[in-house]
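Undergrad: Residue numbers (the numbering used here), protein chains in the order written: chain A, 2 to 209; chain B, 2 to 209.
Be aware that a few hints might be false.
Which copy is meant is left open, because identical chains are indistinguishable; a pair holds if it fits in one copy or across any two.
Claimed, not checked - DSS-like, lysine-lysine: derived pairs with alpha carbons at most 27 Å apart:
1) Lys137 - Lys163
2) Lys35 - Lys121
3) Lys35 - Lys103
4) Lys103 - Lys137
5) Lys103 - Lys121
6) Lys35 - Lys202
7) Lys137 - Lys121
8) Lys163 - Lys202
None of these hints come from the bench; they were simulated from the model.
Number of protein chains: 2
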Amino acid sequence: MKTKGVFDYFLLSLVFCFVFFQNSVHGRLLSISKPHPDNAAAFARWLVSQSSWGVLNTISSDLGGSPFGNVVSFSDGLPDDGRGIPYFYLTTLDPTASNALKDQRSSFTVSEYPIGTCGKTDPENPTCAKITLTGKLQLIDDNSDEAEFAQTALFTKHPEMKDWPMDHNFQFFKLEIEDIFMINWFGGPKPLTVDQYLHTKMNKLSIM
Amino acid sequence: MKTKGVFDYFLLSLVFCFVFFQNSVHGRLLSISKPHPDNAAAFARWLVSQSSWGVLNTISSDLGGSPFGNVVSFSDGLPDDGRGIPYFYLTTLDPTASNALKDQRSSFTVSEYPIGTCGKTDPENPTCAKITLTGKLQLIDDNSDEAEFAQTALFTKHPEMKDWPMDHNFQFFKLEIEDIFMINWFGGPKPLTVDQYLHTKMNKLSIM
């Protein structure tokens, strides 16, 4: 009886661990359920709002006009209250910001894989979603209301940003979205306009 | 005494879970220790060989010449025996492969973040490594030895690829690397030539 009790505790704690790690991403618990893949706009907004980083792509004049991807953190708003537009905190010490100041053409790519909701599916499998927002990477006027929104959005999701070195001259940028490419199931990219994406209402109770 | 025993079992199983999840990436155990950041070539090779996916960038003529990033799986060789050159399994149903057949200029970006070795560090913090390999995205001749190498490398790391639909005409591509941008600590990108990167010997016992 005593052995069984000990075994029950062991099982209980294993289950606890399993549930905790299944639903967390580096310590962050998902708080909005994944929308159904057919609801392209809500799914795209979920993918962007639940992600904390992606690859920001610019044209590199230093590398013969090659596309240059760079890992960056981002935020589209307060947690669980994203607006769909990705904001960034960049320094021209890094090629991405200096590329964008010469040529605004850009895209931003996010994978569902690091969120932890793809299960054992391969990252390139169409059921593990991916989104690429293409548009113009724009510097935000430091004294604008939008800069204030970007700061709150970014520093809330990425608390260490507020302590990044002043002399690196970090500035706020945003991607002005012109085209959306998203695959979140079989059958090719989902038709989705920028207007549909930006104006969908997120349903916090949507269930996959 | 009995309560203490049960508590010990509970603690033991928590420790087990913690150690297991700290060192695993979606069920994959890391088998090569992370090199010291000063050893740029070994670090870059470790980052590429331990990763399973990244963002592959091409120039999109359909989107006004914008850089177009796309989430893809890749492999640079058998597990723990990578050669540094990323191979891909792509279909021209997807924009990336068709872009590359028109304009080979490309880059491939990988973050250390999903490997799980950045701890609580922000994905944009320079101590959470990132690498961008820039070069030419090339289709591999289907009947070559290199295609055979690419197939073994990819299908070993991504077992589901061998069952992907025949009628999608997946083909093997590789990135012919011309430039390397890597940040893996404070102080800006690490100086690293393609020759140093490709010809470094991986030390399986290197310790961070």
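Undergrad: Next, verify each hint and record whether it holds.
TA: Now for the hints, and whether the structure bears them out:
no.: 1; hint: Lys137 - Lys163; in the structure: within (25 Å within a copy, 38 Å between copies)
no.: 2; hint: Lys35 - Lys121; in the structure: both (17 Å within a copy, 24 Å between copies)
no.: 3; hint: Lys35 - Lys103; in the structure: neither (38 Å within a copy, 36 Å between copies)
no.: 4; hint: Lys103 - Lys137; in the structure: both (11 Å within a copy, 23 Å between copies)
no.: 5; hint: Lys103 - Lys121; in the structure: neither (41 Å within a copy, 34 Å between copies)
no.: 6; hint: Lys35 - Lys202; in the structure: within (14 Å within a copy, 43 Å between copies)
no.: 7; hint: Lys137 - Lys121; in the structure: neither (35 Å within a copy, 31 Å between copies)
no.: 8; hint: Lys163 - Lys202; in the structure: neither (30 Å within a copy, 39 Å between copies)
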